[in-house]
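> Here the structure of chain A is known, so what remains is to put chain B in place on it, guided by the hints.
One letter stands for each residue in the lines below.
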Amino acid sequence: MDTLQHLTDGLVAALGWQNLVFALIGCVLGTLIGVLPGLGPAAGTAILIPLTFRLDPTGGLIMLSAIYYGAMYGGTITSVLINVPGEAASVVTCFDGYQMARQGRGGTALGIAAIGSFVGGMVATLALVVVAPPLARVALSFGPPEFFALMLVGLGLVTSLAGRSLLAGLAMAVLGLLIAMVGIDPVRGAPRFTFGIPSLYDGLGFIPVVMGLFGVAEILLTLESPTRQLVATKFTALLPSREEWRRSVGAISRGTGIGFVLGLIPGIGAIIPTFTAYVVEKRLSKTPEKFGQGAIEGVAAPETANNAYANAAMIPLLTLGIPSSPTIAVLMGAFIINGLTPGPFLFQERPDLVWTVIASFFLGNALLLILNLPLVGLWARLLHLPHQYVSVGTLLFCVLGAYSLQQNVFDIAVMIVCGIIGYGMRKIDLPIAPLVLGLILGPFIEKSLRTSLEMSGGDFSIFFTRPLCVALLVIGALILVASALRLAPAEVREARDAN
Amino acid sequence: MSRLVTATFAATLALAAALGGAGAQQSYPTRPIQLMVAFPAGGSTDIAARIVASIAEKELGQSVVVVNKGGAGGQIGWTELTRQRPDGYYIGFINLPATNTVILDPERKAIFTEKDFVPIINQVLDPGLIWVRADSPYKTVHDLIEAAKKAPNTIRTATTGILSDDHLAILMTEEAAPGALFRLVHLEGGAAQLKEIMAGNVDVAFDNVGSIATRVKSGEVRGLAVLDEVRSKFLPDVPTMKELGYPTVISSSTRGIAAPKGTPEPIVKRLREVLKKAMEHPDHVKKLEDAGIAIKIMEGEEYARYFADTHAKAKKYTEWARNRPMR
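Quick note, the sequences are listed as chains A and B, same order. Counting along the first sequence from 1, when you hit position 405 you're at 405 in my numbering, and nothing is skipped either side. Counting along the second sequence from 1, when you hit position 62 you're at 1062 in my numbering, and nothing is skipped either side.
Source of the hints: derived by calculation from the structure; they are not laboratory data. Just so you know, these numbers come straight off a predicted model, no measurement behind them. There may be inaccurate statements among the hints.
Unchecked claim - One side of the interface only, derived from the structure: several residues of chain B facing chain A at Cβ under 7 Å:
#, residue
1, I1047
2, Q1075
3, P1152
4, R1156
5, V1185
6, A1191
7, M1198
8, A1199
9, T1214
10, D1290
Don't be surprised by glycine CBs; every beta carbon is placed ideally from N, CA and C.
Next comes chain A alone, as it looks inside the complex (with noise of 0.2 Å):
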């Protein structure tokens, strides 16, 4: 009862004009920053921090969170439209939503996006308000022994992205993990496949990397059909069809689910939730063929996941005041010099400003989908300009966000470098989905795996000792076993079948 009277406290404070402006303009820049690849909510977040030295704190505070998660949203629509993710959390979104709007169906997915994000955000919300406290406790038993386990059932929907051939798909994983390796290794600090170029030793950014095999390859594409046309047909429906919504829903309930559960989890970062989502909606349907293609499920759970994640990850923040993300640490950065440490503590000596800023969740959530569903006609109209300027456009977007990563030029040869190999991988039919999953997992494998080992003095019995650690790697062998079956050869499956 005593939650339902702050929360309304907090909800009337939020829906003061002053604190709606600020969520409203929050919401605006952080769809900008989505929008500009490169620029991620971390980044924006930081350079609008002083800012906010001006604005009283619950009014700041506000505005940044908005940013955060409206950034969530503003990286889907290069995604869909030109195949470049404004940020890292929306690459899962290229694999369904370019192709759908190649399809005449941009709107459609970005509409879908729009509100899976809605729902998604709103329900980790709630869920946030009634349930936070304890949960945030249970996630933090998830050490690291725990974290390579989960690592490993990551690396085992490997299968479920591979394509045509599954060897195929393994070998573009390892690729993945190869280049994960790239830079000041973990345990001795020593670097690694660096050449002595400083610019290497943080490894290859993970957005240069991305922007190049999807983005920059899509324009590779283009040019080598002048005449090939972006948008197939014309561009009808902002709304999903009645027969869209069926396959939605489900899509959009489980995205929820699997955001929420893993934003409990500090560390896990937002791109993890959105490749989990999709693997899960490809598993359970019916045509999972369809998914690559311009499945609509294939759009709706990733960017309903991120929107549960981003808001589910405030959890950790705001119970234990442990920041579980770069951009939450930042937004933690905002807290604290504004005099506030994000922790148990603050919902006892400033429930209102707490409670204000998580009211104006709900508030900020319902002004991106107002915002956004007018925007979407506008951004899929961009299709229609002629193919050689959206080409330029694109590209000019991809140079200006590989540079605004770190100001470095390396990060622009990066993207390009591996644009041309995008582009090959295109030109011979190898999957570019198992190797950004290599490339994702590969820092976590590594640093949880030496983390743990540090912890135990070397010794391996660490990850059978802890249950839930046991429980994680026994899921991991079975996700492996039922994949081998699945994928055996014919004979193998007939045999099986036919005991």
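Frame of chain A; chain B shown alone:
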């Protein structure tokens, strides 16, 4: 987006300054100054840099643009800084002892040395802090060290990264308390430490006062010792290692501003004056102190000497860290 706007704005200003100042008397600065931060936007160095920049530019009459050149633990940014023309239009933050360890670690193959910087002024000195969970069995540093002697290499001790100031501080503690051996767990930073300490995955953390002071004050965690000559004003109840009988365990992380080697002395002097004024400005002081970050202004000779001392100390422990069997 905003960075683009800033860049465009800066470029416009530069153009205006160039046109306007063409015939007029040339006096530094005539165009915007870039202030490099060797870490990504949003980190504590960055936030404090933006506060200084916003005050200093009013004084200078030219904008001071914060440029983030993050990566490789600062190496990218410092490489960039030392390669700039020494004309006072590109200065940057150095973070001692991180800048020193990058130079000293042979694997880093840094192309700059400690001689490539002209230290201008130090802004922040954030002393090290040893801290544990509020319900930890280690109530004092004495408990911790006795335990580390009784069962060497079992107490899981978190750093904020390989060759970070915290990593070196652990080695200093081992040196000061012969027989004590900690099991090092290299985590990525303060947030990761907080998570693993709260979850019970590590037993003790070495970090800096600024990262955790507010949580020590609220009682969420317990501070065991401050690694400084004097107690921290933010944690007056936490003793120093010096008081506890370990006078050699002195470690901190600092942030200050330096120019590339060869910058003319009049320019350095002007920058020092302006930056000092900015750092003493009430807005700057309040923002940093609210966040638990200790301002320590060191200029000229004093700062240059501090740089040299830190370098010598970092050299000793970097070599030790590389040769310590269980690192």
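> Of the hints stated earlier, which fail here?
3
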